[in-house]
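Note that our numbering numbers the sequence shown so that position 155 is 157, with each residue one more than the last.
Keep in mind that the hints are not guaranteed to be accurate.
[Said to hold, decoys possible] Taking lysine to aspartate or glutamate and the DMTMM-like style, the derived pairs with C-alpha atoms no more than 20 Å apart in a straight line are:
(1) Lys-136 <-> Glu-93
(2) Lys-49 <-> Glu-20
(3) Lys-136 <-> Asp-112
(4) Lys-49 <-> Glu-59
(5) Lys-49 <-> Asp-13
(6) Lys-29 <-> Asp-92
(7) Lys-136 <-> Glu-98
(8) Lys-136 <-> Glu-125
(9) Lys-29 <-> Glu-93
Simulated from the structure, these hints should not be mistaken for laboratory data. Note that the structure is predicted; figures quoted are calculated from it, not measured.
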Amino acid sequence: MEAGNSARLIDEFHSLLELSLLRWARKQHEPAVLARFRGLRRDPRSKFAEMASHLGEAFRLYVARINGRPVAAILVLMHHQAHYTRGAIDEELAGESRATYLLQARAIEDACRLGSTHYHMGETGNSASLAQFKSRFGAVAVPYAEYRYERLPLASLDSFARSTVKRVVGFRDAS
Numbered sequence: 003m004e005a006g007n008s009a010r011l012i013d014e015f016h017s018l019l020e021l022s023l024l025r026w027a028r029k030q031h032e033p034a035v036l037a038r039f040r041g042l043r044r045d046p047r048s049k050f051a052e053m054a055s056h057l058g059e060a061f062r063l064y065v066a067r068i069n070g071r072p073v074a075a076i077l078v079l080m081h082h083q084a085h086y087t088r089g090a091i092d093e094e095l096a097g098e099s100r101a102t103y104l105l106q107a108r109a110i111e112d113a114c115r116l117g118s119t120h121y122h123m124g125e126t127g128n129s130a131s132l133a134q135f136k137s138r139f140g141a142v143a144v145p146y147a148e149y150r151y152e153r154l155p156l157a158s159l160d161s162f163a164r165s166t167v168k169r170v171v172g173f174r175d176a177s
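Construct the entire structure; sequences and hints are all you get.
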């Protein structure tokens with residue numbers, strides 16, 4: 003396991019993220035080309051390189067390896083509060099290794115050591131398996147209000163367009 007913010011770790015993380023995009027596409031019955039386009043548009047490698055450059059040590063990648071090969075990685079932003087931002091895994095290589103548990107445990111330890119008072123594990127949505135994973139680290143759900151201010155009401159138009167495209171391509175949210 004290795005932690006840091008080097009270009010090599012960014013490359014390894016991003017390669018695992020690309021594999022994850024394809025896995026998520028299969029689970030959601032989304033065409034791989036569309037999933038890859040959407041995912042790499044949202045999360046290009048350059049985005050993570052810029053974040054690392056601007057945030058320095060606050061940008062931390064954790065990469066787990068088996069026999070020297072990267073099998074799982076997470077990105078955590080560290081400061082007064084730590085925020086797990088994104089994760090990726092090669093499920094075939096990781097197998098039953100529980101690499102994601104190792105990565106989260108190490109990130110939580112580092113956050114505590116650096117003085118973080120909270121560790122945000124991200125949104126859970128309706129995923130029971132994700133909620134169970136997080137609960138194993140002591141995570142508890144925290145309800146919150148989400149507000150949106152728009153000069154033009156584009157959110158509802160965006161939501162309509164997304165749901166229409168999902169229906170057309172046969173997309174199903176993974177549970």
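- Distance restraint between Lys-49 and Asp-13, which requires alpha-carbon spacing of 20 Å or less: The given pair, whose Cα atoms are some 12 Å apart, holds under the 20 Å limit.
- 20 Å Cα cutoff - pair Lys-136, Glu-93: It holds: about 18 Å lies between the C-alpha atoms, which stays within 20 Å.
- Between Lys-29 and Asp-92, is the straight-line Cα distance small enough, at 20 Å or below? holds (15 Å)
- Item | Lys-49 paired with Glu-20 [C-alpha distance capped at 20 Å] | holds (14 Å)
- Query: Between Lys-136 and Asp-112, is the straight-line Cα distance small enough, at 20 Å or below?
  - Reply: holds (17 Å)
- Going straight from one Cα to the other, do Lys-136 and Glu-98 come out at no more than 20 Å? Roughly 18 Å separates the two Cα atoms, so the pair holds.
- Straight-line Cα separation of Lys-49 and Glu-59 no greater than 20 Å? holds (16 Å)
- Under the criterion that the straight-line Cα-Cα distance not exceed 20 Å, is the pair Lys-136, Glu-125 satisfied? holds (10 Å)
- Task: Decide if the proposed pair is consistent with the structure: Lys-29 and Glu-93, CA atoms, cutoff 20 Å inclusive.
- Result: holds (13 Å)
The structure fails none of the hints (numbered hints given earlier).
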